[in-house]
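Q: Residue strings, one per chain:
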Amino acid sequence: MGEILGSIFIVSGAFFLFSAGLGVLRMPDTYNRIQTGTKATTLGTILVLVGLACLHPAWALKLLILVFFVMLTNPVSSHALARASHAIGIYETEATVVDQLEEPTIEPETEQAE
Amino acid sequence: MIKRLFIFAVLILMGTVFLKLGVNYSENGALLKLGHYYVDKGPAEIGAANLVTSVVVTYRGLDTLGEVTVLFISAAGVGQMLRRTRKKAGEDDEEDDDSTMRRHKPSSEIVETATELLLPMVILFGIYVFLNGHLSPGGGFQGGAIIASGTMFLLLALPESHISRAMISFTESLSGFGYVIVGVLGVVLGGGFLDNRIMGLGEYGSLFSAGAIPLIYTFVGLKVGFELSAVLDRFREDSESN
Amino acid sequence: MLSLSSIPLSSIVLYSGFGLILIGLWGMLTQRNIIRMIIGFSLIDTGIHMVMVSIGYITGGTAPIINDAVPVADAVNRVVDPVPSALVLTAIVIGLGVTAVMLSYAVRIYQAKKSLSIEDCTESKW
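Residue numbers (the working numbering), protein chains in the order written: chain A, 1 to 114; chain B, 1 to 242; chain C, 1 to 126.
Since the hints were derived computationally from the structure, they do not count as laboratory data.
If you only want the chain C side, here are some residues facing chain B, beta carbon under 10 Å, derived:
(1) T30
(2) Y57
(3) L96
(4) R108
If you want a taste of the chain C side facing chain B, the calculated C-beta under 8 Å gives, among others:
(5) L14
(6) F18
(7) W26
(8) L29
(9) I58
(10) I65
(11) I66
(12) A75
(13) V79
(14) V83
(15) S85
(16) A86
(17) I94
(18) G97
(19) A100
(20) V107
Glycine residues also receive a C-beta, built at the ideal position from the N, C-alpha and C atoms.
Here chain A stands alone, though its shape is the one from the complex (with noise of 0.2 Å):
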């Protein structure tokens, strides 16, 4: 039973990540990619690893720890990576409907007290 789950939980990650590759080939701007790239292979490896972990019931506690390790890296990285790539201007698609990192446009109204 333990093994049927734990391989249902691998080819499931192992899906995540094969879309995550197909992601990152289609996308069409820097941004997109990185978004891609970040959340489906984060969730691919946890997947992975939980299905490990049911496979092998005696690394339980370290698969765990290295899903909490994963989970608090990755999406830092990708965050500060794209914070980046917008601060030295990386052209963004057409498609762009909003763009929260730009300056804003209306100045904060002074509070005097009158």
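Use these hints to put chains B and C onto chain A, whose structure you have.
A: Leaving out everything else, chains B and C in the frame of chain A:
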């Protein structure tokens, strides 16, 4: 054109030498005499589970002393080359400021928080690697490199952080001194330089086994870690001279 | 033809190491940017380490660490040679030190000449 032909000829020449070496190479079927001796007598004499550690630290201890010395010389060389000289007139400052002004965008809060969470874990992992050098793959140099990569992590994510150079150089000198003291104690009390039987060989495979090897590797790991951190700190551009 | 499993692993690593040395040598001789020359030097270093490690390999051997998998009495027949691994450990650290000094030279040259190409450093050429 002549230069390209010359380079091509050199590469072809070295390629034929390598090919001849590769074709005439056949694997040894069993351990050679020296390896056989180290593997055979190593666990009984030294007491370390990791045979490469017993070779590096005890059987070939003088090579490790040379390696530590080379690292120290290279760190001193980097410190000497990248010393912050006094600016001559005011004009040098402005040109540098314009090109480096772009990089002073502060890190976002997510990166800062994650760094503060992750840095102790990285340093803890480095300490684990050099404390268990005699039981599993690892050792002083690898653990020191992990600690230095933690420092690089800090320098990249929080570029305004201040690392006290006096503390780094003091700890590094103390660790190097301790390493040589343990080696000399090996000469005085034991069989030769860096003999690890000056402390008792504990139970085989536990953490406090293999005599003085954990102590030696602790000194080496701390020394290498702080030394490489100091080298990385030198490469930072506008470090406040301390 | 040779099947892939009949080529011994040490030969594969040996040839890859030699290939890396040749690529690094080509990079050092033809590139003009100082940083690329330093990268070529680092490639030569890695190639040499691979050659040294492959010499100590014994087919069917495992890592020279004694634990539950490799008992003490049986170790002589089961482990690979530990001496080349120990030599490579020292060599990697020394390669790191040399690369650090080379990079500090590159930083100084850039600060003095504002250019990273080696065509501009012609004072000592004769």
